[in-house]
Amino acid sequence: MLILCKDYIAGSNPLDRRIGSTSLRDTELYSRVLVGAGMATQVVPAAAVATDQFVDYANDFDRKPLSAR
Amino acid sequence: MLILRRGIAFAACALLLILVARPVRADDTLVLLDGGPGPNIYDTLRFVAQAKGFFHEQHVNVDETYTGAGLTAAQLVATGKGDVLASTIEPILEGYEKGLRFQVFFTRSSHYAYVLAVLADSPIRTLADFKGATIGETNVSSSAEVATNSMLEGAGLSRSDYTYLPIGAGAQALQAIVSKRVTAVAFPYDLLAQYEITGGLSFRFFKHPILQAGNSVYAAPPSTVQAKAGHSPTKSAC
Numbered sequence: 000m001l002i003l004c005k006d007y008i009a010g011s012n013p014l015d016r017r018i019g020s021t022s023l024r025d026t027e028l029y030s031r032v033l034v035g036a037g038m039a040t041q042v043v044p045a046a047a048v049a050t051d052q053f054v055d056y057a058n059d060f061d062r063k064p065l066s067a068r
Numbered sequence: 000m001l002i003l004r005r006g007i008a009f010a011a012c013a014l015l016l017i018l019v020a021r022p023v024r025a026d027d028t029l030v031l032l033d034g035g036p037g038p039n040i041y042d043t044l045r046f047v048a049q050a051k052g053f054f055h056e057q058h059v060n061v062d063e064t065y066t067g068a069g070l071t072a073a074q075l076v077a078t079g080k081g082d083v084l085a086s087t088i089e090p091i092l093e094g095y096e097k098g099l100r101f102q103v104f105f106t107r108s109s110h111y112a113y114v115l116a117v118l119a120d121s122p123i124r125t126l127a128d129f130k131g132a133t134i135g136e137t138n139v140s141s142s143a144e145v146a147t148n149s150m151l152e153g154a155g156l157s158r159s160d161y162t163y164l165p166i167g168a169g170a171q172a173l174q175a176i177v178s179k180r181v182t183a184v185a186f187p188y189d190l191l192a193q194y195e196i197t198g199g200l201s202f203r204f205f206k207h208p209i210l211q212a213g214n215s216v217y218a219a220p221p222s223t224v225q226a227k228a229g230h231s232p233t234k235s236a237c
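Line order of the protein sequences matches chains A and B.
At position 49 of the first sequence the residue is numbered 48 (numbering that gives the first Met the number 0), and the sequence of numbers has no breaks.
At position 103 of the second sequence the residue is numbered 102 (numbering that gives the first Met the number 0), and the sequence of numbers has no breaks.
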């Protein structure tokens, strides 16, 4: 199961290796798609619904001890 | 496999650092409300963090409840019945205009969750072949319809060229697929991967060419997110 879904797990995006990162551009794009699909009537400003403020901190840890665990 | 396991452990650590970035008292409980029907691949990080004792070391008990509907989970968290929402992002984006306020602080998937799929022996090979298809989905008007409609529109099909049929998930969905009650499914990829393993099925997948960003997220009301800013666990957490 993990092997089949390995590309879906956080941190496996080759374009952005930061674990947990949220693309504001993609969030807004998706909001536009939902409006286009009639699921919503208003495009949501991405910054109002997503933040990356914790991501750099969360990715700043020593991977060596964890690799050995 | 070792690289994959390490990657998951790293991701679990990153999740921990975000989830416990708040004032923590002894045996604090963090209530996670999940919009899914049960555990899925995106819970792996939490399970690893749990099993490795990351949460225990930070004196945090994570209590997760599966509600089976993203909007229900979002409404419960918005009314204070939970701390964190685990869901796809659609209830957050669709609920915004109705006054629902959330901030995504961790995207727990690297790819867009929903795919269109047919059994490997299906005569359907291109998107244009979906004309006349009955497409199974987990529930009526599921979020998977957005990407499916967009893909099929791109192939020149109109909405009247195919129909959706809710088939649930698990054994019920598996039965609908195997008995060919549906000719295709618009489902979360991880559920279909599960059916490949447990049901011995093999699927041909059609993924949206533009919608690719991960849409499975952890989110919380903006006030909770702001309250967490500035409160950090020790970096030796993992």
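If you are wondering where the hints come from, they were derived from the structure by calculation, not from laboratory data.
All C-beta atoms, glycine included, are put in the ideal place defined by N, C-alpha and C.
A portion of the hints provided could be inaccurate.
What the hints assert, rightly or not - Selected chain A positions facing chain B (in silico; Cβ < 7 Å):
#, residue
1, Cys4
2, Asp6
3, Tyr7
4, Ser11
5, Leu23
6, Glu27
7, Ala36
8, Met38
9, Gln41
10, Val43
11, Ala49
12, Thr50
Unchecked claim - Derived DEER-like restraints, expressed as beta-carbon distance ranges:
#, chain 1, residue 1, chain 2, residue 2, range
13, A, Gly37, B, Pro165, 16 to 22 Å
14, A, Arg16, B, Pro38, 35 to 41 Å
15, B, Ser149, A, Ile2, 27 to 33 Å
16, A, Asp61, B, Thr125, 47 to 53 Å
17, A, Met0, B, Gln174, 16 to 22 Å
18, A, Ile2, B, Gln174, 24 to 30 Å
19, B, Arg158, A, Ile2, 35 to 41 Å
20, A, Arg31, B, Arg158, 17 to 23 Å
21, B, Phe204, A, Gly37, 23 to 29 Å
How the hints compare with the structure:
Look at Cys4 (chain A): its Cβ gets to within about 4 Å of chain B, closer than 7 Å, so that hint holds up. A distance limit of 7 Å between C-beta atoms decides the matter here; for Asp6 (chain A) the minimum to chain B is near 6 Å, and the interface restraint holds. The interface hint given for Tyr7 (chain A) is met, as the beta carbon of that residue sits about 5 Å from the closest beta carbon of chain B, less than 7 Å. With 7 Å as the threshold, the beta carbon of Ser11 (chain A) comes within range of chain B, its nearest partner Cβ sitting at about 5 Å, so the hint holds.
The interface hint given for Leu23 (chain A) is violated, since its Cβ lies 10 Å from the closest Cβ of chain B, which is over the 7 Å cut-off. The interface hint given for Glu27 (chain A) is broken, as the beta carbon of that residue sits about 9 Å from the closest beta carbon of chain B, more than 7 Å. For Ala36 (chain A), the interface hint holds, since its Cβ comes within 7 Å of a Cβ in chain B; the closest pair sits about 5 Å apart. The criterion of a C-beta within 7 Å of any C-beta in chain B is met by Met38 (chain A), whose closest approach is roughly 5 Å, and the hint holds.
Checking Gln41 (chain A) against chain B by beta carbon gives a least distance of about 4 Å; that is within 7 Å, so the hint holds. Annotation: Val43 (chain A) was flagged as interfacial toward chain B, and the flag holds, the nearest CB pair being 5 Å apart, inside 7 Å. Residue-level restraint check for Ala49 (chain A) holds (minimum Cβ-Cβ distance to chain B is 4 Å; threshold 7 Å). This hint holds: Thr50 (chain A) has a C-beta 5 Å from the nearest C-beta of chain B, less than the 7 Å allowed.
Our hint of 16 to 22 Å for Gly37 (chain A) and Pro165 (chain B) holds, since their Cβ atoms are close to 19 Å apart. For Arg16 (chain A) and Pro38 (chain B), the Cβ-Cβ distance of about 26 Å falls outside the hinted range of 35 to 41 Å, so the restraint is violated. Distance hint check: the CB atoms of Ser149 (chain B) and Ile2 (chain A) are about 29 Å apart, consistent with the given range 27 to 33 Å. The hinted window of 47 to 53 Å between Asp61 (chain A) and Thr125 (chain B) holds, with their beta carbons roughly 49 Å apart.
At about 21 Å, the CB distance of Met0 (chain A) to Gln174 (chain B) agrees with the hint of 16 to 22 Å. Between Ile2 (chain A) and Gln174 (chain B), the C-beta spacing of about 26 Å keeps the proposed range 24 to 30 Å intact. The given range of 35 to 41 Å is respected by Arg158 (chain B) and Ile2 (chain A), whose C-beta atoms sit roughly 36 Å from each other. Here the CB-CB span from Arg31 (chain A) to Arg158 (chain B) is close to 19 Å, well matched to the stated 17 to 23 Å.
For the hinted restraint 23 to 29 Å between Phe204 (chain B) and Gly37 (chain A), the CB-CB distance of approximately 25 Å keeps it satisfied.
Comparing the model with each earlier hint shows violations of hints 5, 6, 14; every other hint is respected.
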